[in-house]
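Taking the hints into account, I'd like the entire structure generated from these sequences.
In UniProt numbering, the protein residues as written are 1 to 536.
Careful: at least some of the hints might be erroneous.
What the hints assert, rightly or not - Here are the simulated DSS-like cross-link-like pairs (lysine-lysine), alpha carbons at most 27 Å apart as the crow flies:
| no. | residue 1 | residue 2 |
| --- | --- | --- |
| 1 | K404 | K346 |
| 2 | K155 | K441 |
| 3 | K404 | K249 |
If you are wondering where the hints come from, they were derived from the structure by calculation, not from laboratory data.
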Amino acid sequence: MAVLLWGLLLLCLSALHHRPWCPLAYALEMDFTPSLHQDSSQGHEATGTSGQDLQPTVTSVTLPAAVSTLPNAVVSDSTSDTWEDIHGPTLPPTPTPTTTTTTTTVCRDKFMSPEGEPVTGTVGSHEQVLEGQEVDSSEEEEERNCNISQERMRKLADGLMKFTADLLQEVERENSQPNMVLSPLSITLALSHLALGAENQTEKHLLEAMHLKSVPCLHHTLSSIRRVLTESLLSVASQLYLQKGLEVKEKFLENSERFYGAKPVTLSGNKEDDLIAINKWVQEVTKGHISSFLSQLPDSMVMLLLNAVYFRGFWRNKFDASLTGPDMFHLNDEFMVPVEMMKAPKYSLSWFTLDSLEMQVARFPFKGNMSFVAIVPNQFGWNVSEVLENVSHDKLHGRFPKEKPTLVKMPKMHVDYKLELNEVLSRLGLKELFSAPDLRKITNEPLLVSSIQHQSTLELAEEGVEASAATSIMLSRSLSTFSLDRPFLFIIFEETTGIPLFVGKIQNPNPSAAQQRKEPEDVSDVKSGLKDSPPK
Numbered sequence: 001m002a003v004l005l006w007g008l009l010l011l012c013l014s015a016l017h018h019r020p021w022c023p024l025a026y027a028l029e030m031d032f033t034p035s036l037h038q039d040s041s042q043g044h045e046a047t048g049t050s051g052q053d054l055q056p057t058v059t060s061v062t063l064p065a066a067v068s069t070l071p072n073a074v075v076s077d078s079t080s081d082t083w084e085d086i087h088g089p090t091l092p093p094t095p096t097p098t099t100t101t102t103t104t105t106v107c108r109d110k111f112m113s114p115e116g117e118p119v120t121g122t123v124g125s126h127e128q129v130l131e132g133q134e135v136d137s138s139e140e141e142e143e144r145n146c147n148i149s150q151e152r153m154r155k156l157a158d159g160l161m162k163f164t165a166d167l168l169q170e171v172e173r174e175n176s177q178p179n180m181v182l183s184p185l186s187i188t189l190a191l192s193h194l195a196l197g198a199e200n201q202t203e204k205h206l207l208e209a210m211h212l213k214s215v216p217c218l219h220h221t222l223s224s225i226r227r228v229l230t231e232s233l234l235s236v237a238s239q240l241y242l243q244k245g246l247e248v249k250e251k252f253l254e255n256s257e258r259f260y261g262a263k264p265v266t267l268s269g270n271k272e273d274d275l276i277a278i279n280k281w282v283q284e285v286t287k288g289h290i291s292s293f294l295s296q297l298p299d300s301m302v303m304l305l306l307n308a309v310y311f312r313g314f315w316r317n318k319f320d321a322s323l324t325g326p327d328m329f330h331l332n333d334e335f336m337v338p339v340e341m342m343k344a345p346k347y348s349l350s351w352f353t354l355d356s357l358e359m360q361v362a363r364f365p366f367k368g369n370m371s372f373v374a375i376v377p378n379q380f381g382w383n384v385s386e387v388l389e390n391v392s393h394d395k396l397h398g399r400f401p402k403e404k405p406t407l408v409k410m411p412k413m414h415v416d417y418k419l420e421l422n423e424v425l426s427r428l429g430l431k432e433l434f435s436a437p438d439l440r441k442i443t444n445e446p447l448l449v450s451s452i453q454h455q456s457t458l459e460l461a462e463e464g465v466e467a468s469a470a471t472s473i474m475l476s477r478s479l480s481t482f483s484l485d486r487p488f489l490f491i492i493f494e495e496t497t498g499i500p501l502f503v504g505k506i507q508n509p510n511p512s513a514a515q516q517r518k519e520p521e522d523v524s525d526v527k528s529g530l531k532d533s534p535p536k
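Set out below in structure tokens:
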């Protein structure tokens, strides 16, 4: 197995006079078995030794007020495009049987109106815009003036790292869970999409909170980033659902699809059919593994904005599954917990010690343009924001030395994390989103954001390859050691852009295990590990 992350963010807007319950952003992890299809051209790993096709499993999410969906129901005119329709193929097929869904695209000519005027959702089920509309001369000029540049990429990456640091710092204030996993990319895409429809102070505050105010041509830049990312092992998809009869401005609909790939779909007004259609889109973008994402739709919902980010990474340098075994993870100076620890006696690793902050930093590359960067502070007490301010991709890029054989230890883990973002974003200056935002570029009707929630999941495991009989940990004691056996941060970067895709803080990879008090020799072992230096 490799590193698996699945992120799905759903942002709900409601009429200003309503404050409904709204199930919001969920990020779901798909746990694939080692039986992965071999595709040498894409660098994906071969199946396990059993030769059997193993079904992937899905970490399910229990939604409140569950209402069962209609069994075997089909919406014949659903317009929810598959992930491949929107972005093209991103991963090789797994041996698991798949179901092909035929969709019908309906023209929205009734949905259009003169530029800048509100347009009313068309009567009929789940209508959507056809692609390939003509681009007027002003848009062509805008495209020429907004060509992507390395400077804009750098500003975007720097802004996202600052936003990520702010998010984690605020989340820590109310966090009661030992581990955190977020997708700053998914959250940023959703909030930037909302900013597309915001005016005046609302737009200003959104861009300031995300540290993206200085990024010129922001929506063009994010659109370019989205295209770059989907050329790798990352997939990004968006969808925009509108209440029947909601008057939405044409320009917002056009730009939603143009910049964020969000297909505007008018809900039919029939709750059962609408629920099926939304869940069907989620099922398609999760490749059939999530079939019932929403259990019900709130009465006063007028718009749903969905953003999905999916990443399945394969270590470039493999872990040998036969070497994985019991070990200890040090929680603090007094306690530790047992974990399953992946081990590699001569792992080709690039890492260094950042003496000014007393921490070690290592880069574990994936096949492709992604990297898992692990940051391990030497002290048990440390400030997340201070650490992240010093580990942006720009600051790290020139620091990593040549890879050297290293004894590596990394815990296997499965981390689920749920987050309600309303209070966090309010403390970051976005309180007005939940009271009286200026969203007049979306519609002339008063709207508010009723809730934003986020759930992320991380799976860290080895690739499930056959063991190498020629290597032994006992033969590697003279090598330097990089061990994730105490609290650490991680960031998954896209290397060509420096964009942080996922970020997390791991304080206890096995929270269900009973904590054990350390013996004096355990304290001595962890202190000696902290003194290790990167190989010269």
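* Run the structure past the numbered hints and jot down the numbers of the failing ones, going up. => Violated hint: only 3; rest satisfied.
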